Amino acid sequence: MWNSFSTAGPSGVTAELTTYTGGGGDTIHAYIARPVTAGPHPGLVVIHHLPGWDEFYQEFSERLAKHGYLVVAPDLYCRAGHGTPDDVAAKVRTEGGVHDDSAVADCEAARAWLLSDPGCNGKVGVIGSCSGGRHALLVASRVPGFDAVADLWGGSVISDGQENPARPVAPIEYTAQLDAPLLGIFGNDDKHPTPEQVDLHEAELQKHGKTYDFHRYDGAGHGFIYYHTGLYRPEQAMDAWSKVLSFFGKHLSS
Amino acid sequence: MCTYICNTTSVTGAGKGADGWFRVTEATVAFDHPTFASADHALLIDFTRTEDGLSSRVALELDIESGRALLQTLGETIRAAELSGVV
Numbered sequence: 000m001w002n003s004f005s006t007a008g009p010s011g012v013t014a015e016l017t018t019y020t021g022g023g024g025d026t027i028h029a030y031i032a033r034p035v036t037a038g039p040h041p042g043l044v045v046i047h048h049l050p051g052w053d054e055f056y057q058e059f060s061e062r063l064a065k066h067g068y069l070v071v072a073p074d075l076y077c078r079a080g081h082g083t084p085d086d087v088a089a090k091v092r093t094e095g096g097v098h099d100d101s102a103v104a105d106c107e108a109a110r111a112w113l114l115s116d117p118g119c120n121g122k123v124g125v126i127g128s129c130s131g132g133r134h135a136l137l138v139a140s141r142v143p144g145f146d147a148v149a150d151l152w153g154g155s156v157i158s159d160g161q162e163n164p165a166r167p168v169a170p171i172e173y174t175a176q177l178d179a180p181l182l183g184i185f186g187n188d189d190k191h192p193t194p195e196q197v198d199l200h201e202a203e204l205q206k207h208g209k210t211y212d213f214h215r216y217d218g219a220g221h222g223f224i225y226y227h228t229g230l231y232r233p234e235q236a237m238d239a240w241s242k243v244l245s246f247f248g249k250h251l252s253s
Numbered sequence: 000m001c002t003y004i005c006n007t008t009s010v011t012g013a014g015k016g017a018d019g020w021f022r023v024t025e026a027t028v029a030f031d032h033p034t035f036a037s038a039d040h041a042l043l044i045d046f047t048r049t050e051d052g053l054s055s056r057v058a059l060e061l062d063i064e065s066g067r068a069l070l071q072t073l074g075e076t077i078r079a080a081e082l083s084g085v086v
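Chains as they are written, first to last, in numbering that gives the first Met the number 0: chain A, 0 to 253; chain G, 0 to 86.
It is worth saying that the hints were derived from the structure and are not from the lab.
Fair warning: this is a prediction, and the values are worked out from it, not measured in the lab.
Using N, Cα and C, we set each Cβ at its ideal position, and we do this for glycine too.
One side only, chain A facing chain G, incomplete, derived with CB under 7 angstroms:
1. L49
2. G82
3. D85
4. V87
5. A89
6. K90
7. S130
8. T228
Non-contacting residues of chain G with respect to chain A, defined by C-beta distances greater than 10 angstroms in every case (computed):
9. K15
10. T24
11. R78
12. L82
My request is simple: use the sequences and hints to build the entire structure.
Here it is as structure tokens:
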């Protein structure tokens with residue numbers, strides 16, 4: 000739980016921008032955050048949102064590391080070039096967004112990187128928000144072996160006419176293949192996914208007998224944990240964080 | 000929602016970015032998640048010169064109503080320019 004560390008310590012993280020071998024053998028950037036506490040630690044692949052591989056996601060990764068996770072957050076936009084996160088995101092936006100296959104391959108490689116690290120306990124989860132939430136679900140469905148997945152308000156999980164060459168298949172189509180427990184966090188004021196779309200996803204998970212835990216928040220919309228925006232809803236956000244930490248604590252502990 | 004709604008057109012002109020004035024060659028109009036505007040979605044308007052690197056960009060994030068007002072004002076101004084005989 001947040002704010003429940005012992006004041007006796009140790010507490011803290013080391014974090015840095017580095018590179019690893021991503022999908023297709025490409026060298027891409029990642030933000031790595033490690034707990035200072037004694038390991039081994041569960042691993043987490045953290046997938047950034049559409050606005051980019053940005054400072055919010057560095058802090059997001061650091062928070063998870065402070066709670067005992069070895070985190071790798073790949074820069075899915077790395078191949079577009081480098082600059083400020085919003086400049087890079089603008090280029091990717093103009094290009095139609097990152098291809099699903101590219102995102103999946105980079106995250107699969109990130110999982111392998113975690114498993115090869117002596118500081119990892121052998122269990123790896125994946126989490127993301129917005130487009131990253133959709134990617135997290137997609138990755139956990141297409142790549143066998145993830146131990147838990149958290150989708151924070153990922154849009155276009157169900158088929159909604161948004162399919163295109165970069166995103167050819169809605170993640171819900173892979174539900175039968177999902178072999179990891181799923182945590183879903185949603186705001187009831189969100190327009191995409193709407194509560195009705197979340198209902199459809201939940202029905203598909205039930206149909207296939209999947210393990211899932213959905214939490215839906217009143218008075219919250221899209222991106223309600225983004226404390227750097229007007230979308231932030233502190234009470235709902237902190238409750239959602241408690242759900243995330245509890246979920247990964249349950250499924251990724253040694 | 001990540002809408003991925005995005006349209007691009009060639010333009011001729013100049014814009015003032017973080018490093019001063021530069022020639023712009025492309026305008027992109029998207030409707031998706033903004034970086035700075037306090038909204039879950041906004042009109043994202045970028046004027047760029049991509050061959051100069053990612054930072055050669057003038058960026059705007061507007062709500063839909065502002066976009067409509069801008070479109071109307073742009074149209075009125077273009078019509079006035081055409082009537083002026085200068086164009």
